[in-house]
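The numbering of the sequence shown is the numbering used here, which starts it at 1 and goes up by one.
Treat the hints with caution; some may be incorrect.
With beta-carbon atoms standing in for the labels, derived distance ranges [claimed, not checked]:
hint, residue 1, residue 2, range
1, Ala25, Glu58, 11 to 21 Å
2, Arg10, Glu33, 15 to 25 Å
3, Gln57, Thr26, 10 to 20 Å
4, Ala39, Gly68, 23 to 33 Å
5, Met78, Asp56, 16 to 26 Å
6, Arg10, Leu59, 29 to 39 Å
7, Gly68, Glu33, 10 to 20 Å
8, Arg17, Ala43, 16 to 26 Å
9, Arg37, Trp8, 30 to 40 Å
10, Leu59, Arg17, 13 to 23 Å
11, Ala43, Pro77, 17 to 27 Å
12, Asp47, Thr26, 10 to 20 Å
Read the hints as simulated data drawn from the structure, not as lab findings. Don't be surprised by glycine CBs; every beta carbon is placed ideally from N, CA and C.
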Amino acid sequence: MDVLYFAWVRERIGLPRERVETQAATVTELVEELRAREARYEAAFADLSALRVALDQELSDFEAPLEGVREVAFFPPMTGG
């Protein structure tokens with residue numbers, strides 16, 4: 001699946017997107033796999049309350065299943081004004 005990173009998440013990881021092979025069943029499990037890769041991923045995913053996730057461009061939550069998902073995007077909460 002494609003994993004996309006936006007704003008400070010992208011800055012901490014150093015990539016805008018990457019292709020990930022995973023056995024994760026949920027977004028939380030995917031995050032745990034990514035955290036285990038390197039310190040930069042651990043830093044980016046240190047506080048999940050500061051992140052939002054979208055699955056195939058639909059806002060979702062971290063307990064959502066990944067079955068059939070083609071794209072996961074991580075980004076900070078958006079503010080409006």
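Results of checking the hints against the structure:
A hinted range of 11 to 21 Å for the beta carbons of Ala25 and Glu58 is consistent with their spacing of about 18 Å. For the hinted restraint 15 to 25 Å between Arg10 and Glu33, the CB-CB distance of approximately 18 Å keeps it satisfied. About 18 Å separates the C-beta atoms of Gln57 and Thr26, a value consistent with the hinted range of 10 to 20 Å. The hinted window of 23 to 33 Å between Ala39 and Gly68 holds, with their beta carbons roughly 31 Å apart.
Between Met78 and Asp56 the Cβ separation comes to about 18 Å, which falls inside the hinted range of 16 to 26 Å. For the hinted restraint 29 to 39 Å between Arg10 and Leu59, the CB-CB distance of approximately 18 Å leaves it violated. Checked against the hint of 10 to 20 Å, the C-beta distance between Gly68 and Glu33 comes to roughly 18 Å, which is consistent with it. A C-beta distance of roughly 18 Å is found between Arg17 and Ala43, which places it inside the suggested range of 16 to 26 Å.
Between Arg37 and Trp8 the CB atoms are about 18 Å apart, so this pair departs from the stated range of 30 to 40 Å. Evaluation of the 13 to 23 Å hint for Leu59 and Arg17 yields a pass: the beta carbon distance comes to about 18 Å. One distance hint, 17 to 27 Å for the beta-carbon pair Ala43 and Pro77, holds here, with the actual separation near 18 Å. One distance hint, 10 to 20 Å for the beta-carbon pair Asp47 and Thr26, holds here, with the actual separation near 18 Å.
Going down the numbered hints, you'll see the structure goes against 6, 9, while the others check out.
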